[in-house]
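Protein chains: 2
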Amino acid sequence: MKIPKERLEKYRNLKREFSEEEYINIHPIQRGGVLTEEAMKALIEFGDGYSVCDFCPPKEARLDMITRPPIRDFYKDLAKFLGMDYVRVVTRCREAIFIAFKMLSEPNDYVIIDSNAHYSTYLAAELSGLRIKEVPNSGYPEFKVNLEAYIDKIEEVKKEKGKLPSAILLTHVDYLYGNLNDAKIVGKIAKDYNIPFILNCAYSAGVMPINGKELGADIITGSGHKSWAASAPTGIIAINESLKEKILARSKISGDITKREFKAKEVALLGCTVMGAPLITLMASFPKIVERVEKWEEEINKIRYLVSELERIEGFKQLGIRPKLHTLTHMESESFYKVSINHKRKGFFLYEELKERKIVGIQPGLTKHFKFNTYGLTWEQIKYIRDAFFDIARKYNVNIK
Amino acid sequence: MKIPKERLEKYRNLKREFSEEEYINIHPIQRGGVLTEEAMKALIEFGDGYSVCDFCPPKEARLDMITRPPIRDFYKDLAKFLGMDYVRVVTRCREAIFIAFKMLSEPNDYVIIDSNAHYSTYLAAELSGLRIKEVPNSGYPEFKVNLEAYIDKIEEVKKEKGKLPSAILLTHVDYLYGNLNDAKIVGKIAKDYNIPFILNCAYSAGVMPINGKELGADIITGSGHKSWAASAPTGIIAINESLKEKILARSKISGDITKREFKAKEVALLGCTVMGAPLITLMASFPKIVERVEKWEEEINKIRYLVSELERIEGFKQLGIRPKLHTLTHMESESFYKVSINHKRKGFFLYEELKERKIVGIQPGLTKHFKFNTYGLTWEQIKYIRDAFFDIARKYNVNIK
Numbered sequence: 001m002k003i004p005k006e007r008l009e010k011y012r013n014l015k016r017e018f019s020e021e022e023y024i025n026i027h028p029i030q031r032g033g034v035l036t037e038e039a040m041k042a043l044i045e046f047g048d049g050y051s052v053c054d055f056c057p058p059k060e061a062r063l064d065m066i067t068r069p070p071i072r073d074f075y076k077d078l079a080k081f082l083g084m085d086y087v088r089v090v091t092r093c094r095e096a097i098f099i100a101f102k103m104l105s106e107p108n109d110y111v112i113i114d115s116n117a118h119y120s121t122y123l124a125a126e127l128s129g130l131r132i133k134e135v136p137n138s139g140y141p142e143f144k145v146n147l148e149a150y151i152d153k154i155e156e157v158k159k160e161k162g163k164l165p166s167a168i169l170l171t172h173v174d175y176l177y178g179n180l181n182d183a184k185i186v187g188k189i190a191k192d193y194n195i196p197f198i199l200n201c202a203y204s205a206g207v208m209p210i211n212g213k214e215l216g217a218d219i220i221t222g223s224g225h226k227s228w229a230a231s232a233p234t235g236i237i238a239i240n241e242s243l244k245e246k247i248l249a250r251s252k253i254s255g256d257i258t259k260r261e262f263k264a265k266e267v268a269l270l271g272c273t274v275m276g277a278p279l280i281t282l283m284a285s286f287p288k289i290v291e292r293v294e295k296w297e298e299e300i301n302k303i304r305y306l307v308s309e310l311e312r313i314e315g316f317k318q319l320g321i322r323p324k325l326h327t328l329t330h331m332e333s334e335s336f337y338k339v340s341i342n343h344k345r346k347g348f349f350l351y352e353e354l355k356e357r358k359i360v361g362i363q364p365g366l367t368k369h370f371k372f373n374t375y376g377l378t379w380e381q382i383k384y385i386r387d388a389f390f391d392i393a394r395k396y397n398v399n400i401k
Numbered sequence: 001m002k003i004p005k006e007r008l009e010k011y012r013n014l015k016r017e018f019s020e021e022e023y024i025n026i027h028p029i030q031r032g033g034v035l036t037e038e039a040m041k042a043l044i045e046f047g048d049g050y051s052v053c054d055f056c057p058p059k060e061a062r063l064d065m066i067t068r069p070p071i072r073d074f075y076k077d078l079a080k081f082l083g084m085d086y087v088r089v090v091t092r093c094r095e096a097i098f099i100a101f102k103m104l105s106e107p108n109d110y111v112i113i114d115s116n117a118h119y120s121t122y123l124a125a126e127l128s129g130l131r132i133k134e135v136p137n138s139g140y141p142e143f144k145v146n147l148e149a150y151i152d153k154i155e156e157v158k159k160e161k162g163k164l165p166s167a168i169l170l171t172h173v174d175y176l177y178g179n180l181n182d183a184k185i186v187g188k189i190a191k192d193y194n195i196p197f198i199l200n201c202a203y204s205a206g207v208m209p210i211n212g213k214e215l216g217a218d219i220i221t222g223s224g225h226k227s228w229a230a231s232a233p234t235g236i237i238a239i240n241e242s243l244k245e246k247i248l249a250r251s252k253i254s255g256d257i258t259k260r261e262f263k264a265k266e267v268a269l270l271g272c273t274v275m276g277a278p279l280i281t282l283m284a285s286f287p288k289i290v291e292r293v294e295k296w297e298e299e300i301n302k303i304r305y306l307v308s309e310l311e312r313i314e315g316f317k318q319l320g321i322r323p324k325l326h327t328l329t330h331m332e333s334e335s336f337y338k339v340s341i342n343h344k345r346k347g348f349f350l351y352e353e354l355k356e357r358k359i360v361g362i363q364p365g366l367t368k369h370f371k372f373n374t375y376g377l378t379w380e381q382i383k384y385i386r387d388a389f390f391d392i393a394r395k396y397n398v399n400i401k
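Chain order of the listed sequences is W and B.
Here this note's numbering is used: the first residue of the first sequence is 1, the next is one more, and so on.
Here this note's numbering is used: the first residue of the second sequence is 1, the next is one more, and so on.
Hints may be right or wrong, so weigh each one.
[As the list claims (entries may be wrong)] Cut-off 25 Å, straight-line C-alpha distance, at most; resulting in silico cross-link-like pairs (SDA-like, lysine to any residue):
#, chain 1, residue 1, chain 2, residue 2
1, W, K59, B, D54
2, W, K191, W, E160
3, B, K252, W, Y119
[Said to hold, decoys possible] Here are some of the chain W residues that sit facing chain B, going by a computed Cβ distance under 10 Å:
#, residue
4, E17
5, E21
6, L78
7, R92
8, I132
9, G162
10, K213
11, G216
12, S242
13, F262
14, G315
15, K317
16, L319
17, P323
18, A388
Source of the hints: derived by calculation from the structure; they are not laboratory data.
Remember, predicted model here, so these are calculated numbers, not experimental data.
Idealized CB from N, CA, C, for every residue including glycine.
All chains should be built: construct the whole structure from the sequences, respecting the hints.
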C-alpha cells in the first residue's frame, strides 16, 4: 500500500545521536561491540545483502564452506581460539542457546540454569518447550551463584522426572552484576553426571581469554555485537566433537512428491545464517580480538580503580562480587537517589548531568542503581569519568571521602 | 587459545572481489539486496553492535518500542506498506517461516508447501517437527505450481490425520525459475478451509507491489538482504490481526526460585532480533523501496526484452512461466554446454568469458543451465549483457537468429 511521502521523511539521513568521537560511551552492553577500524572498512566493503556469497561452492553450498572471503578458515580459527572443536556463526547468542537447548532435549525436559541468566536464556528454554530449574545466588549484595547447588538441582530433576536434565547452562559473566563464575566447578559437575554443559560467554568470550576445554564446556555461546567488536546480529556457537552430530545434525526431510533432499544443510541453523555484513565485521576484528583478550588484566585494574574511587562518594556501593572480575558494573547510589527525589528532572538528572559532561550510556531515569561498562576505555577516560561523578556529587552536596 | 600471527593475516583488509562500480552483477540472489546510498551512509553511522539500543525504553525494553531511531514507526509503516496489520523484523526470512510454522502447529502436524519452495522452507518445517506435503508443479519447461491442488493436499491431510494442516505456504516467487504465483487463488482456498496462509515473499516484497490483504495472506514473510536493499541478515514477518496473539505470544515462563518473568518479551523472537546495522539499512532504504516497487512494470519489460534477445542464440531457452513475470530467470543453454565439453576450462568457460566482459554473478562451472537476475539494471546494462552473450556465442561459432 502507499505510504504518504511525509511519513518517509524520518528515515532519511538516520544519525546516531552520540558518536564515539564526541562522547564517552559507558553503556553496559555496548563497550565490547564497538567496531574496530578494520571492521568498519570491511563493513563498507561488504554492506550489500549476500555480499559474502559471490563464491558459494556449488556442491556444498553452505556459509561455512566459503573460502573467498575466508569464512571456512575463520570458523576453524575461531573454534581453536575458544579451545573448542567446531564453530558456527549464528544470528544471536540467544539463537545459539536456543539451538543447543532444542537439539539436546525432548519437549518437557528440564534444563538447569543459573538465576542470574539473561532473559533470553529463559525464552530459549520456553521456545524449546522445556522446563527450567534455577540455581540460586547469594542475594544482596554479592548475588553470587552457588555453583555447587547445580548438584542439588540435578538431583531434584532426577527425583522428579526419573531422568537427568537435558543440559545445564551457566552464564559465565552475567548481565546484572558482571559476576564472573568459576566455570570449572560446573564443568566438573556436568562431567560427573554426563550432562551437556553449555557455557554462555556473551560477556566473556571476545574480551577475556576463554579455553572451553579447560573450563569443561561442551558448548560455548557468544555474542559478536556484545564482545567481539562486530555489528549486530552475530552469535557464536562453539561445540565439542562429542556433541557435533547432535547440534549440527544434517537435514533428513524429503519432499513427498519431488523427493528433494538437503543433506548438506544443518537443520538447527536453517541452512545459512549471517550472510553478510556482521559476519565480515567479526572476521575483520578477529586479529584485534586475539590481541585484546591478552590485555584483560589491565581492564580489571581500570574498573577496580574506578569502583574504589566512585565508592568514595557517600552512598555509592558496588554490587556483585568484590573485587571486580569483569568490567560490567552495577552501582548502588543511595545518595544520588536522594538528590533525584527533589530534583525537578527527578531520576533523569544523573543522565543529563553526565551527558552535559559528554558521558553517555547510563540508562536515562536511573539513579538508585545503575550499570555501566568500562571495557576498552583508556586510563584517561576512566579518570575523566571519576571526575565527572565527583563533580556531580559536589554540585548536589553529596560528600566525597 | 593462541592463534599464530600468520594465520591472522588473511583477515586483514578483507575485500570483495567485484565492486558494483566495476562489474555488472547479475547474481540471481543479489540484485534486490544492493544497498542504496542512503543505506550505506546509515550503515557507517550504526555499524557498532547494539547501535540502535541507545534509547531502549526502560519499561518495555523491546526493539519494536524504540523511537530513536524511529523503529516503532518503521514497523507500523512497513506493515501498512505490505497491507498487513503488524510487522516484526527478524534475522532471516527462513526464521520468519520457522516462527510461523512453530507457533501455528503441534509437532507431527502437517504443513502444505509448494514444490518450488526454497530449501529453507523444508528445514523450517523439519526444525518445527512438522511433516510436509508438496503441491506439484507442471514440470519441464514451465514448472508451474498447480495452485488448485492445494485443495487435494488439504483433503489428503484431513483424511490421513483426521485434522487439517496447521498452515499452508506458497512461495510467491520461487528461486528456481522466478515464477510468480497467483496468490489470491491459494488465499481463497485457505479462507474456505480456515487454515492460516503464509505467503513467502522473499523475492517479491521490496521489489514489486504487495498487498497482503488483497492476496488473502495471513502471514507474509520477506527478506531484507534479498529484496529490500538491506544488509544481511534481515527477515520480515508481517502478520494479520487474527494471528497476532499466536505468532507474537508473550513469554509465560517464570523462574522457580527467583520468580523472574518476562511478560513483555515475544517468545518466538527470543526477545530482540536485529539490534543494529542491517535493520538500519532496511529503514534507510525504505523511502527508495516505496518508490521502486511502482516501477516494477519497467523491470518486467527489461527482462522480457533480454530473454527474447538471448533466445535468438541457438539452444537458449528460458525455463519457467512465459512470458516472464519476474526478473529472476532460469536459462537453458544447450549450445553453450556443447561448447564446454571441448573447452579446456570446461564449464568454467562461460563464467570466465563473462567476467572478462565485466559481468559477474553466474555460478562458476554452469553452462547447461544458469540463473541470473536483472533487477535494477539500466536498459544500457541490459543491452550490454545481450551483446556480451552474442559476442561469446560468435566466438564459439554458436548461431544467432
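Verification of the hints:
1. W/K59 / B/D54: Roughly 43 Å separates the two Cα atoms, so the pair is violated.
2. W/K191 / W/E160: Holds, at about 21 Å.
3. B/K252 / W/Y119: Given that 25 Å is the threshold and the Cα spacing comes to 12 Å, the pair holds.
4. E17: Holds: closest Cβ of chain B sits about 6 Å from W/E17, inside 10 Å.
5. E21: violated (12 Å)
6. L78: Cβ of W/L78 sits 9 Å from chain B, so the hint holds.
7. R92: With a closest approach of 7 Å, the W/R92 hint holds.
8. I132: Holds - the Cβ of W/I132 comes within 10 Å of chain B, reaching about 7 Å at its closest.
9. G162: violated (19 Å)
10. K213: With a minimum Cβ separation of about 9 Å from chain B (threshold 10 Å), the hint on W/K213 holds.
11. G216: Violated, because the Cβ-Cβ distance from W/G216 to chain B comes to roughly 15 Å (cut-off 10 Å).
12. S242: violated (19 Å)
13. F262: Constraint on W/F262 satisfied, holds at 5 Å.
14. G315: This hint is violated: W/G315 lies away from chain B, its Cβ roughly 22 Å from the closest one there, beyond 10 Å.
15. K317: Constraint on W/K317 not satisfied, violated at 22 Å.
16. L319: violated (16 Å)
17. P323: With a closest approach of 25 Å, the W/P323 hint is violated.
18. A388: violated (19 Å)
The structure shown violates the earlier hints numbered 1, 5, 9, 11, 12, 14, 15, 16, 17, 18.
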